[in-house]
Amino acid sequence: MSANRWGFPDLGLGVGLRSTHFAHILSERPEVGFFEVLTENYLDTEGLPLYVLDQVAERYPVIMHGVSLSIGSIDPLDFSYLAKVKALAARTKARWISDHLCWTGVLGRNTHDLLPIPYTEETLRHVTERIRVVQDALERPLVLENASTYLEFVPSQMSEWEFIARMAEEADCGLLLDVNNVYVSAFNHGFDAEAYVDAIPGERVCHIHVAGHTHKGTHILDTHSDHVVDPVWALYGRALRRIGLRSTLLEWDADIPPFEVMHAEVLKAKAWRDREAARAA
Amino acid sequence: MRRDPNLRTTAFPLDVVERWMQAVIVHPGDVQEALASEEVSREMPSVRLEDLVKPSGTLTAQERIGIYHEMYLLRMEEALATDYPVTKYLLGEEAFWALVKDYLQRYPSRSYTLNRLRDHLPQFYLDEPERAGAAFLHDLTSAELALAQAYEEAESPVLAAEAVLSVPAAAWPQARLVPVASLRLLALRHPVLRHMEACRLGLPCPKPKRGGSWLAVWRRDYTVYRRELSRTEHRLLQLLAGGLPLGQALAEVAASLNGSDGPKRIHAWFRAFVAEGLFSRIEMQGS
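If you read the protein sequences in the order shown, they are chains A and B. Using the numbering used here, you'd call the opening residue of the first sequence number 1 and step up by one each time. Using the numbering used here, you'd call the opening residue of the second sequence number 1 and step up by one each time.
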């Protein structure tokens, strides 16, 4: 079992903080390792969501997970946005701040999608430099997730996993390993998901996502709308064997079930974690 | 836009790839129309799609970029439907989808949060008065936007009735009532609450009709409320919330009322405003 590079704790099993579950969480105080919050939902609001977040942060560890950093974009970084992210992290005592390896828009627009980047030396230099700037602004490591992708660029000069490994090393940033996204992208692009997991630098992985998806036959969409399938659990187990125990989050963002159903789903990870802990002991 | 010269080291520099891909994704036509459009072609002239995007074992390059193109509109439609459920209910799926496509052409998202996408829909109907039902839909979307804004506002402490009663009459000329942060006042040309109620109950929407309608929207204890006011009641609340001293606001509205029950009606309105928690504190001018 290996620790991550920054000594971030293993917080156990967590779920996303969803508005449909606010009342349940405040009244029942479920036993959850941590809550992951979608950063942008809490930056410009002073209403109920922020009130609930304040209550949750008093009782549970919080991890921030953003979708608009757009680290791969050619647009300039938004420093007023980064200041708000930093302020929210201080307010919630967020254990770490994460976002995605992607871009979301250029020319001042936001498509609100996690768009793919070509894996070239040029992109690697660009992204690495921006990560360093963001980490300076946030005064803490940035943790970046591998997004599901639906196309590949001809000009790419390396595999996604090689890009991510080099990016993490050269920018000295953390990684959020989303094993569902590895599975989805592996199907969509025809690569070996296990080889991907095996290539990720384990000491840089700060936490792991599992999630459901929607299989369309010709491709898989990362919809976060269902239970986790067995092959994704198997990838999760492989990741644990390689890198050790890490905080693990279930993403379920669409067709959201009652809290108990979501909670039960993430608790399935416990068997994999227990197996890994026993093996390592 | 400044270009980083270091980005121009490949046949497809990153800035070109991103501008091209965004142009495809946000194009209002289908993906084939997008790829053939002037806006997309000028980003990468004389380049074949397959020179940039690989096909997979199961999808063509066009189908693969088409996934992103389709997801963009789906995501935007979902966000706007969340903030404008009554508008969608009234228009129906197809017309709401068409509205979203047109709206995005004029007001694409430029924020890190999807919550801001809703901000300009009432203005959109003012921009395009020739759209069917524009005048009514401007009013309906204004009301729905006010509800969304009230939800996001800071919670304000509520002024207790006793605090208001403790202001002596002699001090009314200096007393200003500060409204709660979430209060929104609307003066509309069409009643819309009936449509909101029909949507909530899943009933057919009544036909829009013209007629003055005055609304107050506010939040208390994290619950958003809305109420229809009379024209004069709205005027009184508007004067008070706008910062006019209490005595002056009451006098101005009283002067506009006919009949001997004017003071009684004003008193009842004022008590209702306080009981509903529309004010946060009293400020004394000159203190």
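Hints listed in this document are in silico derivations from the structure and should not be mistaken for laboratory results. Accuracy of the hints is not assured; some may be wrong.
Unchecked claim - Simulated DEER-style distance windows between Cβ atoms:
1) A:K216 with B:S230: 53 to 61 Å
2) B:P45 with A:G190: 25 to 33 Å
3) B:K54 with A:T214: 32 to 40 Å
4) A:G7 with B:R194: 26 to 34 Å
Positions of the beta carbon are idealized from the N, C-alpha and C atoms, including for glycine.
Enumerate the violated hints, using their earlier numbering and listing them in ascending order. As far as the earlier hints go, 3, 4 are violated by this structure, in ascending order.
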